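*Asks:* Here's the letter readout for the chains.
Number of protein chains: 2
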Amino acid sequence: MPDPVIPPARWSRRQEAGAGSPHISRREFVRRLGLGAAAIAIPGCSEVQSPLGPGTSPPEELVLPAGKDPEAFIRHSPLEFETRREAFGTSGIVPYERLFVRSNLPTPDASVVEDRDGWQLAVDGVRNPRTLTLRELKTLGVETVAAVLQCSGNGRIFFPHGAGGSQWGVGAAGCVVWSGVPVRSVAEALGGVDPGARFTTGTGGEAIPAGLDRDDAVVERSIPLEKGMTDALLAWEMNGEPLPLVHGGPLRLVVPGYFGINQVKYLARLAFTRRESAAAIMRTGYRLRAVGEEGAPGQPTMWEMSVKSWINHPSGADATVQRAGPVVVHGVAFGGARAVRRVEVSVNRGRSWDEARLVGPDLGPYAWRPFVAAMTLPAGRHLLVSRATDVAGNTQPRDRVENERGYGNTSWRDHAVMLTLS
Amino acid sequence: MPDPVIPPARWSRRQEAGAGSPHISRREFVRRLGLGAAAIAIPGCSEVQSPLGPGTSPPEELVLPAGKDPEAFIRHSPLEFETRREAFGTSGIVPYERLFVRSNLPTPDASVVEDRDGWQLAVDGVRNPRTLTLRELKTLGVETVAAVLQCSGNGRIFFPHGAGGSQWGVGAAGCVVWSGVPVRSVAEALGGVDPGARFTTGTGGEAIPAGLDRDDAVVERSIPLEKGMTDALLAWEMNGEPLPLVHGGPLRLVVPGYFGINQVKYLARLAFTRRESAAAIMRTGYRLRAVGEEGAPGQPTMWEMSVKSWINHPSGADATVQRAGPVVVHGVAFGGARAVRRVEVSVNRGRSWDEARLVGPDLGPYAWRPFVAAMTLPAGRHLLVSRATDVAGNTQPRDRVENERGYGNTSWRDHAVMLTLS
Chain S
0 MPDPVIPPAR WSRRQEAGAG SPHISRREFV RRLGLGAAAI AIPGCSEVQS
50 PLGPGTSPPE ELVLPAGKDP EAFIRHSPLE FETRREAFGT SGIVPYERLF
100 VRSNLPTPDA SVVEDRDGWQ LAVDGVRNPR TLTLRELKTL GVETVAAVLQ
150 CSGNGRIFFP HGAGGSQWGV GAAGCVVWSG VPVRSVAEAL GGVDPGARFT
200 TGTGGEAIPA GLDRDDAVVE RSIPLEKGMT DALLAWEMNG EPLPLVHGGP
250 LRLVVPGYFG INQVKYLARL AFTRRESAAA IMRTGYRLRA VGEEGAPGQP
300 TMWEMSVKSW INHPSGADAT VQRAGPVVVH GVAFGGARAV RRVEVSVNRG
350 RSWDEARLVG PDLGPYAWRP FVAAMTLPAG RHLLVSRATD VAGNTQPRDR
400 VENERGYGNT SWRDHAVMLT LS
Chain L
0 MPDPVIPPAR WSRRQEAGAG SPHISRREFV RRLGLGAAAI AIPGCSEVQS
50 PLGPGTSPPE ELVLPAGKDP EAFIRHSPLE FETRREAFGT SGIVPYERLF
100 VRSNLPTPDA SVVEDRDGWQ LAVDGVRNPR TLTLRELKTL GVETVAAVLQ
150 CSGNGRIFFP HGAGGSQWGV GAAGCVVWSG VPVRSVAEAL GGVDPGARFT
200 TGTGGEAIPA GLDRDDAVVE RSIPLEKGMT DALLAWEMNG EPLPLVHGGP
250 LRLVVPGYFG INQVKYLARL AFTRRESAAA IMRTGYRLRA VGEEGAPGQP
300 TMWEMSVKSW INHPSGADAT VQRAGPVVVH GVAFGGARAV RRVEVSVNRG
350 RSWDEARLVG PDLGPYAWRP FVAAMTLPAG RHLLVSRATD VAGNTQPRDR
400 VENERGYGNT SWRDHAVMLT LS
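Those protein sequences? They're chains S and L, same order as listed.
Take the first sequence: its letters are residues 0 to 421, numbered as in numbering that gives the first Met the number 0.
Take the second sequence: its letters are residues 0 to 421, numbered as in numbering that gives the first Met the number 0.
In case anyone wonders, no lab produced these hints; they're calculated from the structure.
Everything numeric in this text was worked out from a predicted model, so none of it was measured.
The beta-carbon is built from N, C-alpha and C at its ideal position, and this holds for glycine as well.
Just so you know, not all the hints are guaranteed correct.
Partial chain L-side listing against chain S, Cβ under 7 angstroms, derived [unchecked claim]: (1) Thr89; (2) Ser90; (3) Ala145; (4) Gly161; (5) Val327; (6) Gly359; (7) Gly363.
Not everything, but these chain S residues come out facing chain L in the computed CB check (under 10 angstroms) [as the list claims (entries may be wrong)]: (8) Thr106; (9) Pro369; (10) Ala373.
Whenever a hint applies, use it, and build me the whole structure from the sequences.
*Replies:* Below, the structure is given as structure tokens:
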């Protein structure tokens with residue numbers, strides 16, 4: 000079995016618009032976002048292979064959002080910051096300071112969080128459609144859920160065909176606690192969902208950049224109606240504080256167990272609809288298809304996540320564990336749309352596996368769980384891997400499913416850690 | 000039943016040293032800490048009754064530790080910052096940005112967290128006593144626990160006799176996730192605990208201020224041996240990030256279910272001892288006794304916490320809920336040394352109670368749980384209270400237990416929220 004190969008970061012030859020639009024090139028899309036040279040240039044430079052290290056002064060465009068730990072991130076673009084593998088701990092939650100950032104459109108002006116309770120949400124597809132303020136939403140109920148937030152393209156860097164988009168390794172993911180009102184409570188308060196509605200559709204409130212067609216740029220995603228009505232939340236709080244602006248504050252649609260793209264930030268409209276959104280980000284973007292194919296409505300969309308795990312320590316980048324001897328290997332595991340049941344680790348490329356121990360509180364089926372495995376490693380070169388199994392018996396596969404955009408990578412082999420001990 | 004009375008903040012006439020020493024006055028103790036006028040003056044000024052509001056520039060001495068949310072705190076002293084009632088959410092955990100601060104000695108220089116893995120811990124009272132680095136400790140095991148961190152004096156402000164010390168309301172408490180190595184794993188790795196040992200004793204690594212006797216100033220606490228050997232941790236991580244300096248990083252003794260004073264910061268020595276520490280903070284400080292009595296070894300020490308809850312929203316300070324109508328009341332509840340089972344709320348001064356609903360993941364027996372209760376409140380003046388019951392059937396009492404230092408206040412009446420709705 001060959002070592003995992005990390006392909007050079009580059010744009011795919013099959014460029015596509017950020018939101019999956021066939022109408023304009025990704026380069027043109029990014030230009031119109033106003034992000035300029037940085038966003039274009041980064042994937043082609045040495046950023047991914049030699050991330051900006053601590054103490055390096057990043058280009059102005061890649062300054063982290065306020066309060067983010069400068070040592071915790073790989074800086075992909077002005078809207079994309081990945082948590083370094085070694086920055087994940089064993090607490091189960093990822094604090095704001097270390098949580099990855101991925102935005103599809105420029106972050107709204109901070110003025111939107113100056114009067115959080117005044118934020119307005121239009122609700123359609125109910126008996127009594129109306130606009131509610133966040134102040135009103137807060138009177139309709141409160142629920143709290145811990146859930147993994149993961150970008151569809153997390154693990155894209157391991158696809159050998161050079162899938163377009165940010166070259167995420169393991170860190171376009173985090174586990175956080177969300178709190179807000181259940182979508183079903185809002186629907187009930189407005190007289191119930193329209194008969195015939197089949198989808199819960201959320202629309203982001205970002206400004207559409209000048210020169211872009213609304214449907215090409217708007218962040219609008221549909222999920223099955225029943226998912227919305229069971230455990231989706233309109234969240235105004237994350238990890239015990241008002242939802243930070245860069246993560247979608249004042250209000251975000253949270254769909255536990257689903258990929259990040261469905262967790263619509265700056266939620267401006269919630270609708271119960273007969274059809275999926277016609278926005279490019281739903282119609283053609285975030286569609287799973289063979290390498291070389293264009294995105295199209297008939298293909299599977301990035302909804303439910305699958306079982307996945309990876310080792311965070313030793314990371315291979317941590318100078319403190321370069322010596323042979325005892326080590327407590329740790330990582331994170333989650334089932335995606337269902338709970339994780341067990342995790343195994345291997346130090347011999349999957350020829351044999353040892354059971355790892357899940358540690359800390361169980362934060363529920365949509366959270367990830369830290370796992371640990373105490374072992375003694377001799378001097379030499381080691382390839383450490385982990386694989387998780389969910390409660391339905393699905394085990395993380397050895398190989399990725401090749402696909403055009405590099406989505407949904409759960410390959411245990413791809414996520415291996417290579418370690419040289421002396 | 001009278002409304003709760005908040006006494007004016009003031010030093011008790013029965014001054015005592017910060018660490019409970021009978022040898023010097025508290026004023027002299029504080030002077031020798033080098034904290035100067037601020038620490039002395041604050042309790043006598045308007046700070047407690049009219050906390051510095053957002054936008055007010057605090058005296059330099061009361062500048063918050065880096066990264067703390069300036070709007071989330073009541074500033075008591077350079078070493079004491081209380082989380083505002085309205086700054087608690089419903090996520091179950093309190094993020095670093097909003098977690099209270101209480102230190103018994105000045106915070107060590109930040110250089111101690113520059114090489115975290117190089118931090119040294121002396122371990123005594125084992126078959127093979129030795130000094131271990133944090134790097135070595137990390138090879139001995141990892142466990143994770145969510146636990147309430149609460150100052151013994153939380154709720155002191157409600158004591159009518161003017162108990163000495165910071166006038167904490169509800170916010171000298173928070174629930175966080177700790178991760179580190181179990182104390183028992185360290186003891187086992189060093190050959191096991193000495194026969195005859197009855198206590199687990201932790202010593203803080205802060206410098207002893209010049210002019211102070213070591214035993215008067217050192218933060219050294221003993222807990223029962225068996226508590227140390229069951230679920231105490233040596234924690235290097237909090238809420239998913241390396242333990243912040245102000246909260247005891249690089250290494251802190253965590254004793255789930257026990258008051259904050261036992262969670263020794265900057266842990267420099269761990270010892271399994273036949274006797275309790277002779278330090279003033281153990282011998283005479285943090286002893287529960289009648290008003291007017293001096294601290295003495297025979298009195299109960301502040302170990303296990305008891306069942307407690309309070310309402311955080313509406314807080315009475317939040318302009319957004321001053322209108323009559325529907326409101327989702329929320330707060331937090333914990334059992335202390337055991338899990339919480341239920342929470343009730345009352346809007347009629349305890350004449351009748353309604354069951355509240357616990358929300359979010361259960362983070363384990365030592366964590367707190369957010370509770371919510373949806374209700375409709377008419378215009379007028381309302382006194383909202385909550386009371387919790389733990390799994391052993393202990394219910395939070397109506398009245399506080401009067402005691403000299405204002406410790407361990409769990410009175411539901413004291414923690415009431417007064418609300419005027421129009």
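*Asks:* Would the hint on L/Ser90 stand, with a C-beta cut-off of 7 angstroms toward chain S?
*Replies:* 4 angstroms, holds
*Asks:* Hey, does the L/Gly363 contact hint survive, CB to chain S under 7 angstroms?
*Replies:* 5 angstroms, holds
*Asks:* Could you check if L/Ala145 really has its C-beta closer than 7 angstroms to a C-beta on chain S?
*Replies:* This hint holds: L/Ala145 lies near chain S, its Cβ roughly 5 angstroms from the closest one there, short of 7 angstroms.
*Asks:* Closer than 7 angstroms between Cβ atoms is the bar; does L/Gly161 clear it against chain S? Give me holds or violated.
*Replies:* With a minimum Cβ separation of about 33 angstroms from chain S (threshold 7 angstroms), the hint on L/Gly161 is violated.
*Asks:* Given a cut of 7 angstroms on the nearest C-beta pair, is the interface hint for L/Gly359 held or broken against chain S?
*Replies:* Holds, about 3 angstroms.
*Asks:* Checking hints one by one. Is L/Thr89 an interface residue toward chain S, by the C-beta closer than 7 angstroms rule?
*Replies:* 4 angstroms, holds
*Asks:* With chain L as the partner, please determine if S/Thr106 meets the hint condition of a C-beta pair closer than 10 angstroms.
*Replies:* 19 angstroms, violated
*Asks:* Hint check: is the beta carbon of L/Val327 less than 7 angstroms from a beta carbon of chain S?
*Replies:* 5 angstroms, holds
*Asks:* Does S/Pro369 pass the interface hint, meaning its C-beta sits closer than 10 angstroms to a C-beta of chain L?
*Replies:* 6 angstroms, holds
*Asks:* At a threshold of 10 angstroms, is the proposed contact between S/Ala373 and chain L supported by beta-carbon distances?
*Replies:* Interface hint status for S/Ala373: holds (6 angstroms vs cutoff 10 angstroms).
Violated hints for the displayed structure, listed by number in ascending order: 4 and 8.
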